[in-house]
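> I would like the entire structure built from these sequences, with the hints used as guidance.
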Amino acid sequence: MKNIIKISKLLLLTLVIAFSFFACSKIDEPYKKQQSVIIDTTGVLTGNTITDTIDKRVVLLEDYTGHTCVNCPKAHVKAHELLQKYGNQLVVLAVHQGTFAAPASSGDYTYDFRVLPTVDEWNAVWSITGYPAGLINRTKYNGSFVNAYGSWDGKIASIVTTSPEAIINVKNYYNTTTSNYTTRVNTKFNIALTGNYKLCVCIMEDSIIKPQKNSDPSIGSTPDIIDYVHMHVLRSVVNSTWGTTIGNASIKIGDTFNNSYTLTLKSDWKKDNLSIVAFVYDASDYHVLQAALAPLNNK
Amino acid sequence: MMTMKNYFRKVYTIFILSVVLSPIFAKSQTIGGGQIHGNFQMDAQYYLKDSLIGAPNVPEKLLMNGFANIIYSNGNFNAGIRFESYQNAMLGFDPRYKGNGIPYRFASYTNDGLQVTVGNFYDQFGSGMVFRTYEERSLGYDNAMDGIHVKYKPYKGIELKGLIGNQRFFFDKGVGIVRGFDGNFFINDIFGLDAMKTKYTIGGSFVSKYQPSSDPVYNLPENVGAYAGRLNITRSGFGIMGEYAYKINDPNASNNMIYKHGEGLFVSTSYSQKGLGVILSAKRIDNMDFRSDRNEVGNVLIINYLPALTKQHAYTLTAMYPYGTQPNGEIGYEGSIMYNIKKDSWLGGSYGTKVSVNYSLANSIDKQKLNDTIAIGTDGTLGYKSDFFKMGDKKYFEDFNIEINRKFSKSIKAILTYAYITYNKDIIEGHPGAPTIFANIVVLDISYKFNTTNTLRMELHSLMAKQDEHDWAMCLLEYTIAPKWFFSVADLYNYDNPDTKRRFHYYNAAFGFTKGTNRFALSYGKQRQGITCVGGVCRQVPASNGISLTITSSF
Chain A
154 MKNIIKISKL LLLTLVIAFS FFACSKIDEP YKKQQSVIID TTGVLTGNTI TDTIDKRVVL
214 LEDYTGHTCV NCPKAHVKAH ELLQKYGNQL VVLAVHQGTF AAPASSGDYT YDFRVLPTVD
274 EWNAVWSITG YPAGLINRTK YNGSFVNAYG SWDGKIASIV TTSPEAIINV KNYYNTTTSN
334 YTTRVNTKFN IALTGNYKLC VCIMEDSIIK PQKNSDPSIG STPDIIDYVH MHVLRSVVNS
394 TWGTTIGNAS IKIGDTFNNS YTLTLKSDWK KDNLSIVAFV YDASDYHVLQ AALAPLNNK
Chain B
12 MMTMKNYFRK VYTIFILSVV LSPIFAKSQT IGGGQIHGNF QMDAQYYLKD SLIGAPNVPE
72 KLLMNGFANI IYSNGNFNAG IRFESYQNAM LGFDPRYKGN GIPYRFASYT NDGLQVTVGN
132 FYDQFGSGMV FRTYEERSLG YDNAMDGIHV KYKPYKGIEL KGLIGNQRFF FDKGVGIVRG
192 FDGNFFINDI FGLDAMKTKY TIGGSFVSKY QPSSDPVYNL PENVGAYAGR LNITRSGFGI
252 MGEYAYKIND PNASNNMIYK HGEGLFVSTS YSQKGLGVIL SAKRIDNMDF RSDRNEVGNV
312 LIINYLPALT KQHAYTLTAM YPYGTQPNGE IGYEGSIMYN IKKDSWLGGS YGTKVSVNYS
372 LANSIDKQKL NDTIAIGTDG TLGYKSDFFK MGDKKYFEDF NIEINRKFSK SIKAILTYAY
432 ITYNKDIIEG HPGAPTIFAN IVVLDISYKF NTTNTLRMEL HSLMAKQDEH DWAMCLLEYT
492 IAPKWFFSVA DLYNYDNPDT KRRFHYYNAA FGFTKGTNRF ALSYGKQRQG ITCVGGVCRQ
552 VPASNGISLT ITSSF
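Residue numbers (my numbering), protein chains in the order written: chain A, 154 to 452; chain B, 12 to 566.
Take these hints with a grain of salt, some might be off.
In silico BS3-like links for lysine-lysine, alpha-carbon gap of 27 angstroms or less [said to hold, decoys possible]:
#: 1; chain 1: B; residue 1: Lys436; chain 2: A; residue 2: Lys363
#: 2; chain 1: B; residue 1: Lys354; chain 2: B; residue 2: Lys380
#: 3; chain 1: A; residue 1: Lys179; chain 2: B; residue 2: Lys172
Stretches of chain B that chain A covers, calculated by requiring three or more beta carbons in the stretch to come under 8 angstroms of a beta carbon on chain A [what the hints assert, rightly or not]:
#: 4; segment: 232-243
#: 5; segment: 255-267
#: 6; segment: 302-311
#: 7; segment: 390-399
Calculated from the structure, these hints are not laboratory results.
Here the structure is a predicted model, which means the values were calculated and not measured.
Think of the CB as a built atom: it goes at the ideal place given N, C-alpha and C, for glycine as much as any other residue.
Here it is in C-alpha cells:
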C-alpha cells in the first residue's frame, strides 16, 4: 500500500511538471490575421511607359512549374491570389523547367515553354526537385531557395513592406521605321553598397492557351485541362542567364544605371500579352534587391 | 564566474586536446583507466559524364562524404565527438552538407540511477510517433538533438526521461526548441509481480516545440505540443503493443498551413514458438508531420518518426520500388508469417527449409470537405474532415512476397523470392501524373561453397511491369575468399524499356579487401535513377557513372 501511495504521488508530480512545463498554443478561428499590409493599388502604369516609378518594394516570385505537373495549377491559383492581394508590389514569373515541362513526342503536351539552357542553369543553383516550388526574391530561407506554395504568402508579406535598396524604371519603345522594340531600364540605388550587382531582363507572356495536367477538380477538369490559360510564362531572358553587371565594387546612394536592349520577339508570341520583367540582384548570393514589370504595348 | 556554456566549452577543449595528442588511431587506448574507441568511414566517387542515363554534370569530378566517431569511456563517464567532412556532398545527398565540422559532441555520466547527457544525443519515445532522433547515413538523415538529456530510475520498474534542445540542421542548428518528457512503467516490477507470466508495461510521452512567429498572414501556434500513450503486454510467445499519438494544430509548409490536429495509431501483435513466428500490425497516420521549423520540408528538422509497415527488401530489384511513409495521411497493414519446415522431412529436405510470407498495404485516409465552399486542404482552415476508420480511395503501396530459404547440401544453399508490388509513383516519389506500377519480381540467390574459405554466389533477378520503364533483368556473380577478399560483377538491364533508345545496361564491377577492422572496397559502374528508402524515409538517387572507393575502419 505504501508503494502504491508513493508511486501515485510520483506519477502525479511527474504529470504536473510535464504539462506545466510545456504549454500548448491551441489556436481558434480566425486562423488568418486581418490584413495589415498596405498595398498600393493606385497603379503607376500609363500606356507603354511608366510615368512614375514605384518606390516601394516589388517582390519577385518565380513559380517553377511544368505542363504535366498535376499539382502545379494549385500553385498558379495561389500566385493569382497573391497578385490580387499585393497588386503592383508583386511580379510573378512562371518558369517552366524540369521533367514536367519537357515536351512529349506526341499528344497534347508536345509544346515546350522551357527557356533553355537558362532555366536549367538557374535550377542548378536552386536545386528544385519537387514541383510546384517557388523562389521568393531568390532569397534563402533556412539555407534553401526553395519554397512550397503554402509558404509564399507569409514570406512575401514579411518583406513587402520593407524599403527597397533600389528602384527600377522600365520603359518600352516601338520604332515604327525599323519595327523593333527597345526596352530601357533605369536603376537607381537607394543605399550605398559594395559588391557585384546584376540586372536581369526577361520577356514574359500572359494568356497562352495550351493543355495542362491537373489533379484538383475545383480548378478544372482532371487529369487534363485542354484550354488552360497559362499566365506569366517566361519566354526569354534578354541579357543572358545571369544578366548584366550594373554595379561593381562600390555603389553610392543615388547611383543610377541606364541599360537599353533591343528585343527579339518570336512570331508566335502575342505582343499585346507580352511584358518586360526586370530585376536587380546581388551576384554573391543571388538575392533580389528590387523587381519591376512593364507591359510591352498599350492595351 | 564561469558560465555553464564556458564550462562545457572548456571540458570539450580538454577532451579534444587529449584525443588529438594521443596516439589513438592504432587501436583502443587507455587514458587514466578509461578507453578510447571509434570508427571511420569514407565514401568517394569519381564521376564520369553520362548524359544518356541522365547523370548530372559534376563540376568537381570527385565528391566525398566522410566521418569519424571518437568515443572516450571511463566507468560511468562517456564523451565523444563525430567529425564529418563533405568535399562536396556526393550526388543524392543534400548539398547543404558542405565542408568540415564537428556537428556531434557529447559528454555523459551515470550516478545513482541518474544519467545526464550534455551536448548531442539521440533518443526515442515509444514507437517514435512523437519523438525520435536518429542518424541514417545512407539517407543523409540526422536530426540529432543538441541540449540536455536526463534519464532517471527513481524506483524499481520506473524509468523517466526528460530532454530539451535544438535539432541539427546540417552544420548549424534549427530555430525551434524541442522539449520532451517520457515515462516507462514496468507494472510487474513496480508491484512485485515478478512471478506473473503476463508482463505489462505502460508508457506516456509529451513533446513540445517552440518556434517564434511574426507571420503577418497566419495566427501561428508558437508552442506545438504532442502527446502519446502506449501499452505493451507479453505472455510467453505472445505479445501486443499499441500506441496512440495526438498533435495539436500545427500549420506548416508540409500540410499547406492547415490547422487540423494530427493523430497516429500503431498496433502490433506477435506470436512465436519454435519454428513459427507471426506478426500482424496496423497503423493510421493523419497530419503527423512534426518539425522544429514549420517552414521546412524534406528530411530536415523532423522531430518524430512514423513506423514503417512494409518489408525492407534487400535485393536490387525487389527494392526498386520502395515505400516512403506519407506523414500527411495513410492507413497501413502488415502481416508476416515465418515458418521453419523440419529437416529430414519431404518438404524440409536434409537441412530444413525456411519459408516466410509477408503482405503489406498502404492506403490514403478518408478526407472530406469541411463545407461546400472550402476545398480540401485549403490553407488557413481546418483543412478537412476524416472518418477515423474509413480508407481513402487511393492505394499508395501493396507488397505480397514469399521467400523460401533452403540448404541443399553442405556446399549449396539457395533463396528464392517472389514479390508482387503495387507502387503509386505519383504519391511516393512526388511525380504527379506518373502511373501506378504493378511489378512481378522473382529473385534466385544461389551460393556454392567450394571449401571453408571460397564461396561463389549468384543472383538472378527478373522484374516484369507494364508501366514506368517496364521489364528489368539482373545477374550478379560474387566470389568471396574469406575473410579477406571479395570480387563481384553485375549487370542490371532495362531490356523492355518502351523507349528503345533507353534500354540501358547498368553494369558494375567491384572488389574489396578486409584486414582486421579495416575494409577497402573499389567499384566501377553505373547507377540508375530512383529512390532509396530506409524505414519509410526516402531520398532521391540520381543516375551516375563512375568509380567509387569506400574505406571503413574501427579501433
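> Each hint: holds or not?
Each hint, compared with the structure:
no.	hint	result
1	B:Lys436 <-> A:Lys363	26 angstroms, holds
2	B:Lys354 <-> B:Lys380	58 angstroms, violated
3	A:Lys179 <-> B:Lys172	25 angstroms, holds
4	232-243	holds (count 5)
5	255-267	holds (count 7)
6	302-311	holds (count 4)
7	390-399	holds (count 3)
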